[in-house]
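In case you want the letters, here they are:
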Amino acid sequence: MKTLKICAALAAVFAAGQVQAQGAPIKIGVVTPLTGTYAGIGQQVKWGIDMAIKEINDKGGIMGRKVEAIYEDEEANPNVAVQKAEKLFQVSKVDFLTGTVNSGSTLAVGQVAERNQRLAATTVSFSDAITGDKCSPNVFRVNAKAGMQSAALVEWMVKEKPSPSVFYLGPDYEMGRSTVAAFKSAAEKRGAKSVGEVFAPLDNKDYSPFFGQIRAARPQVLYTSVAGNDTVRFMSQLAEFGLAKNLQIVGAAGTVTAQNMKAIGKAADGYVTGAAYSAELDNPANKKFVADFKAAWKADPDLYGVDSYGVMYFYKAAVEKAGSTDTDKLRTAMRGLEWQTPQGKKTMRAGDHQAIQDMYAVKVTGGKFQIIAKVPGEAAVGPDTCTRF
Amino acid sequence: MTEILESLQFVYGPQVANGLAIGVAVILMALGLTIIFGLLDVINMSHGEFYALGAYLAVTLVGQGVNFWLCLALVPVAMAAIGYFTERALIQRVFHTKDRHILTLLLTFGLAIIAEDAFKLAYGPNPYKPESPISGASEILGIMLPNYRLFLIAAGGAIIVAVWLVVYRTTLGAMVRAAAWDKNMAASLGVPVERVYAGTFAFGVALAGLSGVLLAPIYSVFPTMGKDFILMAFTVVIVGGMGSIKGAVIAGLVLTQIQSISSLFISPVWSDPLVFGIMVLFLMVRPQGLAGRLGHG
Numbered sequence: 001m002k003t004l005k006i007c008a009a010l011a012a013v014f015a016a017g018q019v020q021a022q023g024a025p026i027k028i029g030v031v032t033p034l035t036g037t038y039a040g041i042g043q044q045v046k047w048g049i050d051m052a053i054k055e056i057n058d059k060g061g062i063m064g065r066k067v068e069a070i071y072e073d074e075e076a077n078p079n080v081a082v083q084k085a086e087k088l089f090q091v092s093k094v095d096f097l098t099g100t101v102n103s104g105s106t107l108a109v110g111q112v113a114e115r116n117q118r119l120a121a122t123t124v125s126f127s128d129a130i131t132g133d134k135c136s137p138n139v140f141r142v143n144a145k146a147g148m149q150s151a152a153l154v155e156w157m158v159k160e161k162p163s164p165s166v167f168y169l170g171p172d173y174e175m176g177r178s179t180v181a182a183f184k185s186a187a188e189k190r191g192a193k194s195v196g197e198v199f200a201p202l203d204n205k206d207y208s209p210f211f212g213q214i215r216a217a218r219p220q221v222l223y224t225s226v227a228g229n230d231t232v233r234f235m236s237q238l239a240e241f242g243l244a245k246n247l248q249i250v251g252a253a254g255t256v257t258a259q260n261m262k263a264i265g266k267a268a269d270g271y272v273t274g275a276a277y278s279a280e281l282d283n284p285a286n287k288k289f290v291a292d293f294k295a296a297w298k299a300d301p302d303l304y305g306v307d308s309y310g311v312m313y314f315y316k317a318a319v320e321k322a323g324s325t326d327t328d329k330l331r332t333a334m335r336g337l338e339w340q341t342p343q344g345k346k347t348m349r350a351g352d353h354q355a356i357q358d359m360y361a362v363k364v365t366g367g368k369f370q371i372i373a374k375v376p377g378e379a380a381v382g383p384d385t386c387t388r389f
Numbered sequence: 001m002t003e004i005l006e007s008l009q010f011v012y013g014p015q016v017a018n019g020l021a022i023g024v025a026v027i028l029m030a031l032g033l034t035i036i037f038g039l040l041d042v043i044n045m046s047h048g049e050f051y052a053l054g055a056y057l058a059v060t061l062v063g064q065g066v067n068f069w070l071c072l073a074l075v076p077v078a079m080a081a082i083g084y085f086t087e088r089a090l091i092q093r094v095f096h097t098k099d100r101h102i103l104t105l106l107l108t109f110g111l112a113i114i115a116e117d118a119f120k121l122a123y124g125p126n127p128y129k130p131e132s133p134i135s136g137a138s139e140i141l142g143i144m145l146p147n148y149r150l151f152l153i154a155a156g157g158a159i160i161v162a163v164w165l166v167v168y169r170t171t172l173g174a175m176v177r178a179a180a181w182d183k184n185m186a187a188s189l190g191v192p193v194e195r196v197y198a199g200t201f202a203f204g205v206a207l208a209g210l211s212g213v214l215l216a217p218i219y220s221v222f223p224t225m226g227k228d229f230i231l232m233a234f235t236v237v238i239v240g241g242m243g244s245i246k247g248a249v250i251a252g253l254v255l256t257q258i259q260s261i262s263s264l265f266i267s268p269v270w271s272d273p274l275v276f277g278i279m280v281l282f283l284m285v286r287p288q289g290l291a292g293r294l295g296h297g
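As given, the protein sequences belong to chains E and F, one line each in that order.
Numbering of the first sequence is given in the working numbering, commencing with residue 1 and proceeding in unit increments.
Numbering of the second sequence is given in the working numbering, commencing with residue 1 and proceeding in unit increments.
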């Protein structure tokens, strides 16, 4: 009984030094689209974060402090995101900010974080610029960037078919041209031979006028970055013309999705893309995560859900390593930090604040994405191009 | 030499053949449009949405287990009824006013907007695609063409001939042409003009619905699909001569070939402006189009 009292007294003394640490909860600001076009993604972000926070609090919180999330709807609009982020930092006094979806919002919110001398992390935004030429000392990215997906796909392709001949077909606008250019340069560096490229108008009805060129070029691989209903038409028309035989079709991350896979039907079978996550991932941590997620939310987790779940463990590991929530100490702790996620071990690269993780080549088989190959993170992440810090 | 042969076989040959299939699709859309315009003097801005409605009806019926071929017969009948009702209930009300052109254009445009959102509410934003009822591809003179597109060319050709026969070789067609030529004279000779108007509108809408079913396995079905062919169909109607069946067929075939072949030499995004440029030229130089109006020659 006496020892217990001494312990309690000792604890009280230690606690006095960290009154705030013991008493007040750690506040996480989440600026994410809860309405509008990206509401579906925002929903996954919220599910992932809420689930991780519940787990962490059930096990005693972070350094004895409970964690609490404060949500703000940014409507997928960078202007709104900036106001909401400012409010979270100034009024709600949050310790850390996350949740932004579109890359414009992430870049804008990063500047708000710099002004407020706080740290922020994105779990969704793909734009290479966030950890490239527009990198910020206050912004971290725990998810894979766009370049890593195409790099993973290239790695798989050259392993499967050494020095393949590749034909490219993209939609004729900024995203379409930049994705084709990025994949093409990465593929050519690994010995692929480019045998032709076509840019079709966005919302193109009929792709058959391009099939003659594809047939004449006799490619082994066809890369495409069309999306939405354009994919439905393109892939089903390829199959209709018998072109899909003896041709490996690969493409960008958004080309075949859960939304259009059903309409593409059998023509989607065999399509391969690079991915940072699949719910089918075969490891104990992911199996548990998927089961818990389904039990809690009655829905399957996707890439956004798992990365938003993972960011909380990234933050927890960093705070515990730094022993503080102080911005400078935390930044130092986050650089080079290794932490565990359902996707496996991730490492935060110090030079550009980009997380390095294993990537996968996934193939559509009977309406599901199956993992067919793993590409080591170091091979996919590419050089550090951030020069600001 | 082999290179020239190869480009003929792999590039130009298929291009012409594919252009033909697309041409038939465009003509099917333009036919209904041009008949409604030629007779009723109404620019039907909701024609594309009637096409979409036909496709959605087919998706629904196929989902209920109805055979695709049966849909091809059922949907036009249902669409004709919808068209007849639309004409009697809505278009008739503004048809006899002084601002007929503007009012009918705005009315049908409004219908199009409502229909597009109704599709989103009823079927959601994601695309559907009925399985093609004829699979496989055939090789003709070394050119690969999917069997369903061959069927489309044949069926489309038959429909075009049938429409022409109905309009020019039947009493019904004669009544339609008479009403278009001189409404009052036709009425005094016992032609039920009002019903002929509604019937013609219904016929045009049924053609749009039929195109919707025929093209769904190739182009898929989604809420904004009504906008797909409508610009091209309007262009064909303008170049061919408003209300002319013959003109629509010629313009439809020529313009889609220009589009198809030009996309080999210029960036495909520019093949649409090229076709619309031809339309602008026609409006400036020969506004009546290739052929005259329905009932006028």
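Do not rely on the hints blindly, as some may be mistaken.
Derived Cβ-Cβ restraints for the label pairs, each shown as a range [to be verified]:
id : chain 1 : residue 1 : chain 2 : residue 2 : range
1  : E       : Ala258    : F       : Leu106    : 38 to 46 Å
2  : E       : Gly336    : F       : Thr60     : 42 to 50 Å
3  : E       : Ala258    : F       : Gly136    : 42 to 50 Å
4  : F       : Thr60     : E       : Thr387    : 56 to 64 Å
5  : F       : Ser267    : E       : Gly336    : 54 to 62 Å
6  : F       : Gln64     : E       : Ser178    : 40 to 48 Å
7  : F       : Leu8      : E       : Tyr173    : 53 to 61 Å
8  : F       : Gly136    : E       : Arg190    : 48 to 56 Å
9  : F       : Gln288    : E       : Asn246    : 20 to 28 Å
10 : E       : Ala258    : F       : Met284    : 47 to 55 Å
No lab work stands behind these hints, which were simulated from the structure alone.
Treat the numbers as computed from the prediction; the structure is a model and nothing was measured.
Built from N, CA and C at the ideal position, the CB exists for glycine as well.
Against the structure, the hints come out as follows:
1. E:Ala258 to F:Leu106: 38 to 46 Å: The hinted range 38 to 46 Å holds for Ala258 (chain E) and Leu106 (chain F), with Cβ atoms some 39 Å apart.
2. E:Gly336 to F:Thr60: 42 to 50 Å: Given a distance of about 57 Å, which is not inside 42 to 50 Å, the answer is violated.
3. E:Ala258 to F:Gly136: 42 to 50 Å: Violated: the Cβ-Cβ distance is about 29 Å, outside 42 to 50 Å.
4. F:Thr60 to E:Thr387: 56 to 64 Å: holds, 57 Å
5. F:Ser267 to E:Gly336: 54 to 62 Å: Given a distance of about 47 Å, which is not inside 54 to 62 Å, the answer is violated.
6. F:Gln64 to E:Ser178: 40 to 48 Å: holds, 44 Å
7. F:Leu8 to E:Tyr173: 53 to 61 Å: violated, 33 Å
8. F:Gly136 to E:Arg190: 48 to 56 Å: violated, 36 Å
9. F:Gln288 to E:Asn246: 20 to 28 Å: Hint violated: Cβ distance 52 Å, outside 20 to 28 Å.
10. E:Ala258 to F:Met284: 47 to 55 Å: Because 49 Å falls inside the window, the suggested range holds.
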